[in-house]
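Those protein sequences? They're chains E and L, same order as listed.
Under this note's numbering, the letters of the first sequence match residues 910 to 1021, in that order.
Under this note's numbering, the letters of the second sequence match residues 106 to 217, in that order.
Wrong hints could be hidden among the right ones.
Straight-line Cα separation of at most 25 Å, DMTMM-like style, residue types lysine to aspartate or glutamate; simulated pairs [to be verified]: (1) L/Lys204 <-> E/Glu924; (2) L/Lys147 <-> E/Asp939; (3) L/Lys147 <-> E/Asp947; (4) L/Lys204 <-> E/Asp939; (5) E/Lys918 <-> L/Glu150; (6) L/Lys204 <-> E/Asp968; (7) E/Lys966 <-> L/Glu108.
No lab work stands behind these hints: they were computed from the structure.
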Amino acid sequence: DGGITQSPKYLFRKEGQNVTLSCEQNLNHDAMYWYRQDPGQGLRLIYYSQIVNDFQKGDIAEGYSVSREKKESFPLTVTSAQKNPTAFYLCASSGQNLYGYTFGSGTRLTVV
Amino acid sequence: QKEVEQDPGPLSVPEGAIVSLNCTYSNSAFQYFMWYRQYSRKGPELLMYTYSSGNKEDGRFTAQVDKSSKYISLFIRDSQPSDSATYLCAMSGRGGYQKVTFGIGTKLQVIP
Chain E
910 DGGITQSPKY LFRKEGQNVT LSCEQNLNHD AMYWYRQDPG QGLRLIYYSQ IVNDFQKGDI
970 AEGYSVSREK KESFPLTVTS AQKNPTAFYL CASSGQNLYG YTFGSGTRLT VV
Chain L
106 QKEVEQDPGP LSVPEGAIVS LNCTYSNSAF QYFMWYRQYS RKGPELLMYT YSSGNKEDGR
166 FTAQVDKSSK YISLFIRDSQ PSDSATYLCA MSGRGGYQKV TFGIGTKLQV IP
């Protein structure tokens, strides 16, 4: 079955550490996105990529980094520069001229 | 002012009730209108989409778009406890890789 796989489902990080969230899709979608979801704030776009080896900052990119070396993969690194990293992170993808996004099941990151 | 406004609720209804969920928007360029359902600790899943104005029905769900008023609705008939979730409205322009703008989501609880 085609879809988006995010791993891990839960992640704990110590303050000062970088951590990488995985996102893989087998939908043959060109575009991929990372969102952060916090209670009362809705979905906020972190980074997006429309093509391999190219990506753009979203609304809240500070403290995050991404790479897009393969069409299927779009990992997100939460760096120690991110002041409030505890959140639910969602990866999504879309195809050209298709409406809407397909989302993964999310990764809940907690800083301890 | 946000591009998309949605009441976060929570909205509690008895089983069997008709539920009305709504969003308003300000961007006239929006052409595609979507509703996502998100269960707790899961990624959003696309429930319905509508292109431009009009109604669309799928089982117990009806999506309505009024572009003249910049107002969209989702109706759920004969609501079930399994409908308890957060419902996000979303909208985008037409063609290519259009950015999707999301509402904050309305939390719905259907009480048995």
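Pair hint outcome, L/Lys147 versus E/Asp939 [Cα-Cα no greater than 25 Å]: With Cα atoms ~23 Å apart, L/Lys147 and E/Asp939 stay inside 25 Å; holds.
Given pair status - L/Glu150, E/Lys918, alpha carbons within 25 Å: Measuring from Cα to Cα gives roughly 17 Å; hence the hint holds.
Given pair status - E/Glu924, L/Lys204, alpha carbons within 25 Å: violated, 33 Å
L/Lys204 paired with E/Asp968 [C-alpha distance capped at 25 Å]: holds, 12 Å
Straight-line alpha-carbon gap L/Lys204 to E/Asp939, limit 25 Å: holds, 14 Å
Given hint E/Asp947 paired with L/Lys147 - CA-CA distance at most 25 Å: Given pair L/Lys147, E/Asp947 holds - Cα atoms ~13 Å apart, limit 25 Å.
25 Å Cα cutoff - pair E/Lys966, L/Glu108: holds, 19 Å
Figure legend: structure checked against the earlier numbered hints; the only hint not met is number 1.
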